[in-house]
Structure formats: C-alpha cells, structure tokens
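Listed below are the residues making up each chain.
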Amino acid sequence: MLERAEIIRQEYLRHDKKFPHVWCPGCGNGIVMGALLRAVHTLELSKDEVVLASGIGCSGRMPTYVDFNTIHTTHGRALTFSTGIKLAKPELTVITVMGDGDSTAIGGNHFIHAARRNLDLTAIIINNSTYGMTGGQYSPTTPYGSISTTSVYGHVEHAFCIAELAVTAGASFVARGTVYHATHLEEIIQQAIKKKGFSVVEVISNCHVQHGRRNKLGGAVAMINSFKENAVRVNKAEKMSAEELEGKFTIGVLADVDKPISTEQYKRVVAEARKNAVKNADEKEKTKVKRYE
Amino acid sequence: MVDSENVKRVLLQGNEAIVAGALAAGCRFFAGYPITPASEISELLSIKLPELGGTFIQMEDEIASIGAVIGASLAGTKSLTATSGPGFSLMQENLGYACVAEVPCVIVNVMRGGPSTGLPTSPSQGDVQMARWGTHGDHPIIVLAVSSVADCFSVTVKAFNLSEKYRVPVIILSDEVVAHTREAVALPGNDQIRVIDRVAPDVPPEWYKPYADNNRGVPDMANFGDGYRHHVTGLIHDDMGYPTQNPQEVEKFYKRIHSKISKGFQDIQVTKTFLMEDAEICVIAYGSVARSALKAVRTAREQGVKAGLVQLVTLFPFPRKSVDMYLRQCRVAIVPEMNMGQISREITRINQANCRIVKHNRIDGHLISPDEILKRIVKA
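Protein sequences appear in the order of chains A and B. Quick note: the first sequence, position 1, residue 8 per the numbering used here, numbers continuous. Quick note: the second sequence, position 11, residue 240 per the numbering used here, numbers continuous.
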C-alpha cells in the first residue's frame, strides 16, 4: 500500500512545481486527487494521453500539481475547453475537475449540455457546498437555512442535487462518492474513465474552514465522519422510507446507460460528407458545364 | 471569366469567402452559435469541415464556442469561431484567456448595430474599440478589417498565419455589408497561398519550457498529446507555465507578450493605399466604408482634386508609422466610419503633423455612400 503510494507520488506529481499547494490542511481536494491518480495508475493510462482540465476555485488548482497534459481554464468553462480538446484529438482521455459553484452555477449551462451532447468525457465534481476560495459565499449546493458570508441570516434558496441533475440531463454514467469513502471513490472514478460517453462523479467533500466553521459542523475530521454517517448506498436507499432518508444522501452508481457517443457519431457525418463531395465532383466532371460555385 | 490553372473565379458572398480563406489556411475546427449576420459561416463549415476530415460543432452559447475553439487549438488544430456583437461580448473573458495562455485562434465578428441586441441586422463599425479593449487587463491582440469579398479570403488566411506565428488570438472585423455582398472573386490556388504553422519545440520533452522567451518572443508550442506534457493556465505564469506572483516573473511575462507583437509590427500592420502618391487630401477608411471611399476618391480625381485613400487592413496594433507618414503628407484627413469615431480617435491621438482631421460618422444603420465622402473631400 505504502509502496504504491510512493510510486504514485513519484510518478504523477510535478516535482518541478513549487509546492506547497494552496489547499487548507484537512481539505478533501487532496483525497479526490489521490483517488484520481490511483484510478489512472490502475487503468494503466499513459500520462501523455491524459488531459486534466479544471475551472476556477480551490478545485481549479488540481491540474497544476499533476504530471499530465493539464489546463486550468476560466470559471465554469472547463467543459467547453475539454469539448474542444476531445473533438480535436479523440484519442486523448479528457478528465475535467470542477467545484460545485464552478459546474452548476456559472458553468451550469455547459454542464447540462455536455451531458446532453454525450461526448466521451469524464467530469469529477467536488461538492463542498460553498465557494471556498472567495471566502465562503453560498453556492448552488449550499443547504437551505445554512449560514454563509452572503447568507448570514440563513440561506433562503434550495440546493441542487448534482448527480441527479446529471442523470436528468442525459449523462451516460453518474456516480456519487465522498472523501470519507476513498477506496469507493477510486473505484467509481475508474468506472467513469472507462465508460464510453459523458460520465459524472460527484464527490461530497468538506470545507470545514468556510462552510463547516460557520455552520458549527466541526473540523475536517468531524465533517468527514459525518459523510460516513449520512451516506447510504444506492441499493440500500431503495428499501428505505422517506423518513429514514431524511438528512441522508446516496452514494454509488446512479446511472449507467449505453447510448450513441457524439464523437463516434460524427465519424458517420465525416464519411457521408466525403461521399457527397466525391459525388458532386464527379457530376461536375461529367456535365463539363462551367459555372460559378 | 476563365479558370486559369492556379486561379479560380467564383461568385461568393463575404461570409463564404471567409470560409474559403479559413479552409485554405488549414482551419479544421469550428465551434459557434447561431447569430445573424454571421450564421452562413457556421452553415457552410458544417458541410465543408467534415469533407476535409475536420470538425464542426454548434455549442450552447458563444462562451462555450470560444472555449471549445481554444481547447481544439491546444490539441493542435487550427480553429475558428464566428459571431456578431452580442456573441462577441460573451466571448470577451475567454478571449483574454487566449491572450494570456497564448493560444492561436481566429474570431470573426460580423458587426451589426449595437449596443445590446441593437440594430439587427444593419451594418455598423461599432465594435472597433471593443475588439481591441473588450477583454479586461493589459493584453496584446491583433484586429484586422475586411472591406470586400476578396479581402475576406486573403485577410482570413493572413489572420490564421499571424495567429499561429505570434500565438495570439486574431479578430477579423467584418460587417453586414461585406458579409452579404456577392461578387466574383479570383481565389488563388493552394500552391499560391503561404500557410504558416505554429513552431513546434525541437528539444526533448524533459527540456521543454512551454513559456520560455526566445529571440522571437514567441515560445515554441507543443500540442496536447504530443508527448510534451505541460500546464496551461489563465493565471500569470512563469517559464514553465506554473502560476507565479513573483514581481520579476510577472513583469517579464507582461513585457514579453507585448513585445512579441511590437517586434512583428512590420509583418502585422497592413495598410493599402490608392492614389496617394501626390495626394493632398486623404480618406482613411476600413471595412465596407473603404469601398465607398475609393469610389469617392476616384470621382474627386476626375474633378481635379488631389485625393487619395488609405485603407486600414490592420486596425490594431494601430499602424501608427504608415498613417503618420500620410498625415504629414496631407493637409486634410477625412475619416468616415459607421460609428461615432472609434478609429478617428486613434488618428487624432497620433496626429503630430497638424493635419486637419475631419470625422464623418453615420450611425443610422446604412452604409456611408461615396457621395457623402465626396462632399467632404470637395469641401476640405
């Protein structure tokens, strides 16, 4: 186990980068990064073939630290950059890491359209229920009634369920994990990368510095432990009543469907366009009529 | 009209000529969102790109379109998007990203009356200063203007070449008149077009410094997936591409991205002149207005007035040197524009020769006619 951790540290971190990283002690982002690196390692992907893209926020710094083709894009727009990269070089494995505000507020439109479009992309969304980097303002996943720096009297809006949103928008694969369940997280990230089509992994994470402190949820350890207590496996949740599920959330695979992938489908468009172009050229040759095009 | 071996005469509209120019320059990726009067570019590329093995995608908005364009370019494909004012407004943030991360790409803005939804879809030149300064922060950028269908082809080729050579986004300002005018043009054959590609690194990957300075000021560019794993960010970065706040590194970065453009002024700044040899009055114009201006200048000559035309192809970086020369030569410079005076302020700014600058502004959604310009020339 330790040996594997050392291999991953040596192999996948950027040692010429000026560490330390920007994340607070106890932050869940490192756990997600670790799970991602282990998943890539287990899948034996070549580092040259992996692209890691991010948006803005604490999660946005992840690509800086890892030795892939990496891109730190603009706030909310990571999936649009990933779309361009994937379409230009479909052979690349393109993974996009985003935060909750990044992916469902400013980037909400890109997120649902990426799911609808169904390119072969993987999105990892670290959901810590707040805008951590900017000082703890409420995000689209801040629970109703919570205190944040922009809802000091309690939040009056309702939260998105990101994974459920992805299912509805048409993603091929959707799973939810937490930073407590690190091994499970590694497994679902592996499944998401392997899956052909748009895959989403929502990771419930802790921001004890901003969200936790203001809502008296305890430090990093207490918050991460609460994920253990409140997470219910998807198959178990099916047998539970609404009362029993109050205050809980599901983890596991929420959707795994096979449908046409747009990058694959576009090959058909290319083939037909070429056939048509040849036909038109032949006809022009036959008729020998000089005309303006 | 006869097809010669290398030149093909065809009847095209401006938007179609932009497509032809882009494809000739090697563009193989387009992402866009429908908007009048730019939509023909999307429609035609959705057919032409797959024929050539390229990719077309219609995104959910213009923000996404330029995001995808930057992504595709980073993966090594020459990329284009086309829009009009409202969409160009949405693109500004990612346009700045392309400036900072030094990603080659070409953005066509077929101008219509603005601001906001404005005057769809009458011609305008209202986005000139926005093209230069629309995105926030100090940044270099190249802005070119097209005035005819033939221009649409050649300027688009030039735009891709400059973009690849200097690793900078290039904006082509067209307008509704140029976009939808159909005329016969002679398209050069592929063997007559000079296509410039980004310079790939010639060192082994472990030596590669993605943002290191060199004598051109333009770092060699490795594409994603080529084995040169590196980091790309919108943060100000050091030679390795990693974020930095070190004052020396920050200053060095800003200075380099500005100086790479100023080093290339001779190559970048294009102006065309007509009848300027002995001119005492010059008309300085760009875009569709330049064509009205040429007609006006020719008529003035017939009437014995020594008038000439300076047509700006490059709007930014503003071609100070050549315009300055003509301001020193002429006693009057007339600047007709379909806006309230966005280029005339540049001309006033650089005017050190006491040349009288006469603005002629039309903002009613109609093209400036040759007669209007002629009246100004005769009065001058």
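Treat the hints loosely; a few may be bogus.
No farther apart than 30 Å at their CA atoms in a straight line, the calculated lysine-lysine pairs in the DSS-like style are these [claimed, not checked]:
id: 1; chain 1: B; residue 1: Lys481; chain 2: A; residue 2: Lys24
id: 2; chain 1: B; residue 1: Lys481; chain 2: A; residue 2: Lys291
id: 3; chain 1: A; residue 1: Lys24; chain 2: B; residue 2: Lys237
id: 4; chain 1: A; residue 1: Lys293; chain 2: B; residue 2: Lys237
id: 5; chain 1: A; residue 1: Lys255; chain 2: A; residue 2: Lys274
id: 6; chain 1: B; residue 1: Lys438; chain 2: A; residue 2: Lys25
id: 7; chain 1: A; residue 1: Lys246; chain 2: A; residue 2: Lys235
id: 8; chain 1: A; residue 1: Lys223; chain 2: A; residue 2: Lys201
id: 9; chain 1: B; residue 1: Lys484; chain 2: A; residue 2: Lys203
id: 10; chain 1: A; residue 1: Lys274; chain 2: A; residue 2: Lys286
id: 11; chain 1: A; residue 1: Lys282; chain 2: B; residue 2: Lys438
id: 12; chain 1: B; residue 1: Lys277; chain 2: A; residue 2: Lys266
id: 13; chain 1: A; residue 1: Lys274; chain 2: B; residue 2: Lys481
id: 14; chain 1: A; residue 1: Lys293; chain 2: B; residue 2: Lys277
id: 15; chain 1: B; residue 1: Lys277; chain 2: A; residue 2: Lys24
id: 16; chain 1: B; residue 1: Lys484; chain 2: A; residue 2: Lys25
What follows is a list of derived Cβ distance ranges for each label pair [as the list claims (entries may be wrong)]:
id: 17; chain 1: A; residue 1: Glu271; chain 2: B; residue 2: Lys524; range: 28 to 34 Å
id: 18; chain 1: B; residue 1: Lys608; chain 2: A; residue 2: Thr294; range: 54 to 60 Å
id: 19; chain 1: B; residue 1: Pro349; chain 2: A; residue 2: Gly225; range: 51 to 57 Å
id: 20; chain 1: A; residue 1: Glu171; chain 2: B; residue 2: His365; range: 35 to 41 Å
id: 21; chain 1: A; residue 1: Thr141; chain 2: B; residue 2: Pro349; range: 21 to 27 Å
id: 22; chain 1: A; residue 1: Asp263; chain 2: B; residue 2: His365; range: 49 to 55 Å
id: 23; chain 1: A; residue 1: Lys201; chain 2: B; residue 2: Pro433; range: 58 to 64 Å
id: 24; chain 1: A; residue 1: Lys201; chain 2: B; residue 2: Asp290; range: 29 to 35 Å
The set of hints was computed from the structure by calculation and includes no laboratory data. Predicted model, so just to flag it, every value in this text is computed and none were measured. Here a beta-carbon is modelled for each residue, glycine too, at the ideal position from N, C-alpha and C.
Each hint, compared with the structure:
| no. | hint | result |
| --- | --- | --- |
| 1 | B/Lys481 / A/Lys24 | holds (19 Å) |
| 2 | B/Lys481 / A/Lys291 | violated (57 Å) |
| 3 | A/Lys24 / B/Lys237 | violated (53 Å) |
| 4 | A/Lys293 / B/Lys237 | holds (19 Å) |
| 5 | A/Lys255 / A/Lys274 | violated (44 Å) |
| 6 | B/Lys438 / A/Lys25 | holds (15 Å) |
| 7 | A/Lys246 / A/Lys235 | holds (19 Å) |
| 8 | A/Lys223 / A/Lys201 | violated (39 Å) |
| 9 | B/Lys484 / A/Lys203 | violated (44 Å) |
| 10 | A/Lys274 / A/Lys286 | holds (18 Å) |
| 11 | A/Lys282 / B/Lys438 | violated (43 Å) |
| 12 | B/Lys277 / A/Lys266 | holds (27 Å) |
| 13 | A/Lys274 / B/Lys481 | violated (45 Å) |
| 14 | A/Lys293 / B/Lys277 | holds (22 Å) |
| 15 | B/Lys277 / A/Lys24 | violated (43 Å) |
| 16 | B/Lys484 / A/Lys25 | holds (23 Å) |
| 17 | A/Glu271 / B/Lys524: 28 to 34 Å | violated (53 Å) |
| 18 | B/Lys608 / A/Thr294: 54 to 60 Å | holds (56 Å) |
| 19 | B/Pro349 / A/Gly225: 51 to 57 Å | holds (56 Å) |
| 20 | A/Glu171 / B/His365: 35 to 41 Å | holds (36 Å) |
| 21 | A/Thr141 / B/Pro349: 21 to 27 Å | violated (37 Å) |
| 22 | A/Asp263 / B/His365: 49 to 55 Å | violated (43 Å) |
| 23 | A/Lys201 / B/Pro433: 58 to 64 Å | violated (32 Å) |
| 24 | A/Lys201 / B/Asp290: 29 to 35 Å | holds (31 Å) |
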